[in-house]
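Chemist: Residues per chain are reported as follows:
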Amino acid sequence: MTLLVQTVILGLLVGGVYALMSSGFSLVFGVMRIINLAHGAMIVLAAFLSWWVWDRTGIDPLLVGVIITPVMYVVGRVLYRLVIARVHRIDHELAMVASFGVAIAAGGVMALIWGTEVRSATPSYFNTSFQLGSVVIPQAQLYAFAGALAILGALYGLLRGTFLGRAIRACSENRDSAALVGIEVERTMAQMFAIGAATTGFGGAALSVIYQFVPDSHYVWIGRILCVVILGGLGSLLGAALGAAILGLGEALTSSYVDTRWATAVPYILIIVILLVRPQGLLGGKLRADGARA
Amino acid sequence: MRRPVNRLRTGSALVALLALTTACGLAAEKPADQATSTEPIVIGMSLPLSGPVADRAKPGMEGYQYWVDELNAAGGLLGRKVELKVLDDSFDQQTAISDYTRLISQDKVDLLLGTFSSDLNIAVAPVAERYKYVYVQPSGGADEIFARDFKYLFFAQPATTQKLPDRFVDLIAGLPADQRPKSLALVQLDDPNTTQAAKLFGERLGALGVKTVYNKTYAPDTSNFDTIANAIKQAKPDLVINGSIAGDGISLIRSFQKVSFSPKQFYQLNTPTDPSFAKSIGASSTEGIFTYLAWSPEAKYPSNAGFVAGYTKQFKAAPSEDAANSYTAGQVLATAVKAVGKLDQTAIADWLHKNTVETVVGPLNWDATGRPQGDMLLGQFQNGKLQIVSPKSAATSADVLFVKPGWSGS
Amino acid sequence: MIEFENVRAGYGGGDVLQGVTLTVERAAITCVVGPNGAGKSTLLRVLSGLLRPSAGTILLDGKPVHALSPAEVLAAGVAQVPQQGGLFGNLTVRDNMLLGGYLIRSERGRLKKRLDELAEAFPVITTRAHDKAADLSGGQRRIVEFARALVTNPSVVLLDEPTLGLDPKTCEVVFESTQTMNELGVTVLMVEQNVRFGLKLAHHGVVMERGQVLFAAPADELLARPDMAALFFGAAPETSHPEGGL
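Protein chains in written order, with our numbering: chain A, 1 to 294; chain B, 1 to 410; chain C, 1 to 246.
Don't read these hints as lab results, they were simulated from the structure.
Since we're looking at a predicted model, the values are computed, not measured.
We put the CB at the ideal spot given by N, CA and C, even for glycine.
Quick list of simulated restraints, FRET-style, between CB atoms:
{"hint": "1", "chain 1": "C", "residue 1": "E176", "chain 2": "A", "residue 2": "R160", "range": "30 to 36 Å"}
{"hint": "2", "chain 1": "A", "residue 1": "G223", "chain 2": "C", "residue 2": "E117", "range": "51 to 57 Å"}
{"hint": "3", "chain 1": "A", "residue 1": "D176", "chain 2": "C", "residue 2": "G13", "range": "17 to 23 Å"}
{"hint": "4", "chain 1": "B", "residue 1": "S276", "chain 2": "A", "residue 2": "A111", "range": "15 to 21 Å"}
{"hint": "5", "chain 1": "C", "residue 1": "Q83", "chain 2": "A", "residue 2": "A154", "range": "34 to 40 Å"}
{"hint": "6", "chain 1": "A", "residue 1": "W114", "chain 2": "B", "residue 2": "A368", "range": "46 to 52 Å"}
With the hints as constraints, model all of the structure from the sequences given.
Modeler: In structure tokens:
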């Protein structure tokens, strides 16, 4: 019984990490219909920055993650302006391809700056756990989980309760009507993209503490993120949370009860299953021609 | 009246062309052993420099680098400088195969040296064999590699995986029955070397009364070991043997720490011999961990002291097992080429089958299919340092810790 | 008032507006009618800033507005209720109303006061405040659209086919609401497929065809002209709303 409880807890905690990574990506797609394949590279960049600052100064990497959130916001703004916006005007799908190009280039640049050795940040809590009866809760994962809740909550609050959030949702439905109420559509889109990028600050910091990483790790992570959002429904924040939980639990349960070798195949199996059974994802509405929901 | 003039012109053009072709042909026919000493000997290799085992490929590459630098400083091979032509296969079998094929058939390198890990070597060895190139490799010990009757394949460590468990099993066998570990967990990466070792450990320890309570293989791209660590913890084994290759071993130990599980005895393949091991998990956490080694820096073999000193001077850090294995492969190849006197692959292979080569891991000789006839060493971390505890003739420490202390803070 | 001077505009395949010259009187209701493809909606788009004219000018009380962005046009006092409404279906009625005041969102007090005023005039804003706009009936949606357009107190409101898809009873509501708006001093420029409805409501009528103004006259004059009957009442394609009952 302990094995099951512990496995479920570990699975949910990992799910929290996945939700953290995927929230920004899901939002950008839901609102702007842009599949930003550079999202994984931004997470790895944030991971490198968090690890690097921690390595040099000893400042807690998760704290660094919070501090570099505005940095990643700026990175997002720049990326949108220089690449995405230009390409998106010409061809929607091309934006996805362009973002993948950016990801590959970013991987190369990171390798040049920091080398290809395996890195990971090891603050005091990186390998310790809280004890709850016979069950352990790894500390770093718990902090990441808390961060995920905070970020998802903040994004939700932003979209529902602020003018920016309403403007973003309006733009995603109908750009012309949004313009007619005085919303500057291009600027709002840029802000949305940058907010999605900003979430990678803490996400990358969590990655640096919980996992080992190299510049090329972004391939693995964009794969997991895609699984989470396809599973949960592209464009739904709640869907991303749900998809992340399912993926985390799926991997943990498969590892403990089926076969450890199959655990890494779980994301791909889930993608295939959901596309066959319910292609819009668990919480994805029927995709409307004029927009999406968040 | 034009034709005769044209014929003359065409004729002289043809003669000139013929002469030119002959001259080129003559120039190209120079036999290999009479090549000018200004042309370097090119040795080709494809290594997993990027990808999941990049952190271990680096010292391995440095071992090759040091070997070739030392060789060239002493005059090179057969009076010629030696150059390494290195490709990166990112730990992918298909890439490694096509890399070596290209090096042989397109780039026409003079010699080959082997890549790292059983997983890659098992794929590349047939390529070298098909083209009849001597293939000395430093790092693929799985028996499968040597089961195909290859004449050009040679392993540059003292023994293959078949003999890997010997010393540790003997150690356990030497204990009275009631002091032996009662239960065993086997957890290994999906690789021919580690899965074979796991199988052998399970069988041979089982014969000594050690029951296997957990046995799982994980994919090379596994990044989160918490669930695995937890499952092992629930199985309550006395002894855990982890067939790791590189960073996966570190991740598993960290996950053990996270789920608060410390086995009474812990044996880990490969990972502990990396120089950054103590730093990665904390020096005090290494206490009592067993591993096997092909090479020890203190071993008294003739070329060893020079290798350790020279390598340390060049790289500002002591050599690791991986570096030593690469250096050994270089030694084997160079010795054979010098003895034969020419770049004749078949002659080199024959010579290696008939002779013994003195290396930093001791004297090496091989059976007909490339298996070395020596034995591995058993090592254990004591007080932050990796000591040799078996065999007695090479031991650097007379003590053996039979109970591993718990993990301490990092 | 609004002055169009030789305006040409199109969507890339050639100009839809082929030189429109027109004056829209202040504080009156002007209705533009004409067959499909005449350029009626394009006329509104060019004024509201969604489309830039390739030639010509548009002046609002003497100030050029043809080169302004939609936000700038709105700030100048021109609000548009686009065809099919432009309500954001996935957002609540309250959110839609708030967005109507996007330009004055930083003036919290003023915005709240305005919304309260409009809620009094159009009660549906309060009763269905937290429902998704897409869940409202066609008539209720149209009312919310009108109300939303009025949040910033515009001097001009553009209506693009306000009766499209509505039943006769709801058309009455539209009729009254438009009159109420106008009584408050708002200049209304509307485009209508339902010619009788449009000309009955409006003070002035404009007939467009093939991107140009054919003629402009007081609305009841146009209604009474026999050639209008021939031009539109018979020739116009079947629309989804009946002509009677007004």
